[in-house]
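Peer 1: Okay, here's what each chain looks like letter by letter:
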Amino acid sequence: MDINLLYFARLRERFGLAQEQLTVPEGVVTVAGLLAHLAARGDAWAEELAGGKVFRVALDQELVDFSASLHQGAEVAIFPPVTGG
Amino acid sequence: MDINLLYFARLRERFGLAQEQLTVPEGVVTVAGLLAHLAARGDAWAEELAGGKVFRVALDQELVDFSASLHQGAEVAIFPPVTGG
Amino acid sequence: MDTLPQARITVVVQEAGFDLAHEMREAGQDDRGIGAIVSFVGLVRDLNLAADVVALELEHYPGMTEKALGRIAEEAAVRWPLHAVRIVHRVGKLHPGDPIVLVLVASAHRHAAFEANAFIMDYLKTRAPFWKKEWTPDGPRWVDARESDYSAAERWHKVVSEQYGNTDHD
Amino acid sequence: MDTLPQARITVVVQEAGFDLAHEMREAGQDDRGIGAIVSFVGLVRDLNLAADVVALELEHYPGMTEKALGRIAEEAAVRWPLHAVRIVHRVGKLHPGDPIVLVLVASAHRHAAFEANAFIMDYLKTRAPFWKKEWTPDGPRWVDARESDYSAAERWHKVVSEQYGNTDHD
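Order-wise, the sequence lines are chains A, B, C and D. If you count the first sequence from 1, position 78 lands on 78 in our numbering, and the numbers rise without skipping. Every position in the second sequence, counted from 1, becomes a number in our numbering once 85 is added. Every position in the third sequence, counted from 1, becomes a number in our numbering once 170 is added. Every position in the fourth sequence, counted from 1, becomes a number in our numbering once 340 is added.
Keep in mind that the hints were calculated from the coordinates and are not lab data. We put the CB at the ideal spot given by N, CA and C, even for glycine. Please note that the accuracy of each hint is not assured.
[Claimed, not checked] Label-pair restraints from in silico Cβ distances:
| # | chain 1 | residue 1 | chain 2 | residue 2 | range |
| --- | --- | --- | --- | --- | --- |
| 1 | D | 496 | B | 154 | 45 to 55 angstroms |
| 2 | B | 106 | C | 245 | 31 to 41 angstroms |
| 3 | B | 117 | C | 262 | 27 to 37 angstroms |
| 4 | B | 124 | C | 191 | 49 to 59 angstroms |
| 5 | A | 22 | D | 411 | 25 to 35 angstroms |
| 6 | C | 262 | D | 480 | 47 to 57 angstroms |
| 7 | B | 156 | C | 241 | 44 to 54 angstroms |
So that you can see chain A by itself, here it is in the shape it has in the complex:
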């Protein structure tokens, strides 16, 4: 399953990455699974995504909780709590 990953704001800077195409490994079917997979990269990825820090996930441009299911071609964005307005 291939997905398009986007990072914003502080997370974009921490990861040094605004966007990546990712082929999700067999067995990763939810946002939670994807986050665990990314955290396994270590360093900033582990700190930000598995270190008790608060962040949000949008799937196909909708905020979702981590139990949401991924699908082929999904756009998944990970970002800090928003501070607009």
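Let chain A serve as the given structure and place chains B, C and D on it in line with the hints.
Peer 2: Frame of chain A; chains B, C and D shown alone:
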């Protein structure tokens, strides 16, 4: 005791009068007393001020209830419920 | 809570229209502590008017009007942490679509600005001496006051703002 | 309740400033059923900023932002009888005193316009993907989200508007 009476909107038209100087008779000391005195003029005065119709009174440009005391030189305005904004 | 300057209060009753952009600039003038400006513009609408109404005429009680509006604005500035309040109310002849009233409230906090503005409008509707007359081809008739406006003003006796102290607007 | 036209919803994200008078005209355009227009303007304020902050920079998630704002506006138009909603949110570099966001709500009823505008701002603060970064002479730092903004949005789950149905604004 002399007071300055003002009438606005529908009441001004009903009474055919925007303003009058009035020497209040002995014994009339409150707004309620003044209203009874004016209602005794009959016709529109009785209908509007003693006929169960709703109106407001301002004393020296402050809304008051009918128990308020008059004083020499008071400005007393009688008008319908307001409809601004 | 922030240290507040005295709220700057301006009240105007006029026949002319008003310039919202100008009023916004005046409210924000050199005050970098303002995070939120809420404006209310009331318009003459024709839904409630009978089909034959061609104009609305507003009469007021000169002197008392300015005093009543100023007092309502001051009361709002006591209840909420406001930087500026501007009220412009028109009188004279108006037509459907015309603006009648502008209430503009500036605060550091958005909930304070929203609540104070709604408070001012509710009190203006019940305590400021304005009267509307509808003009029709058959002649004029006075608009009756609405009971709902009085209950809207009443509710402020009970309202406690729980938010404005800690929901700043940057 | 009046028969309502579909609310006219406009959402814009832009670097440029906005013209409030123009937005008001667009909201009121040929719609004589509108009695109340409430506008919210959020400004960059310096009270909450450290003394060394010289500018604010806003980043957003193009595509999702417009979708999220549009959905919030639609949700408001379901909850309250609205004629028009216009949202303009700026991105890029801003300075103290600069306007960041405009939310404009037009309705027949003043309480509907006030409440819907406050609702939109509360949801915008928690659900629209914008992020603020403060620039200082030592470099930039990201602004943290406020818990109070989340509780402000939460309260709308409980709020029931008791007024808008019968407190028209003429």
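Peer 1: All hints, please: hold or fail.
Peer 2: Consistency of the hints with the structure:
1. In this structure the supplied range 45 to 55 angstroms holds for residue 496(D) paired with residue 154(B), their Cβ-Cβ distance being about 48 angstroms.
2. Distance hint for residue 106(B) and residue 245(C): a CB-CB separation of about 33 angstroms, consistent with the stated range 31 to 41 angstroms.
3. Range check, residue 117(B) to residue 262(C): about 34 angstroms between beta-carbon atoms, so the 27 to 37 angstroms window is met.
4. Checked against the hint of 49 to 59 angstroms, the pair residue 124(B) and residue 191(C) passes, with Cβ atoms roughly 51 angstroms apart.
5. For residue 22(A) and residue 411(D), the hinted distance range of 25 to 35 angstroms is satisfied, since their beta carbons lie about 27 angstroms from each other.
6. A C-beta distance of roughly 54 angstroms is found between residue 262(C) and residue 480(D), which places it inside the suggested range of 47 to 57 angstroms.
7. With their beta carbons about 21 angstroms apart, residue 156(B) and residue 241(C) fall outside the hinted range of 44 to 54 angstroms.
Violated hint: 7 only; the structure is consistent with all others.
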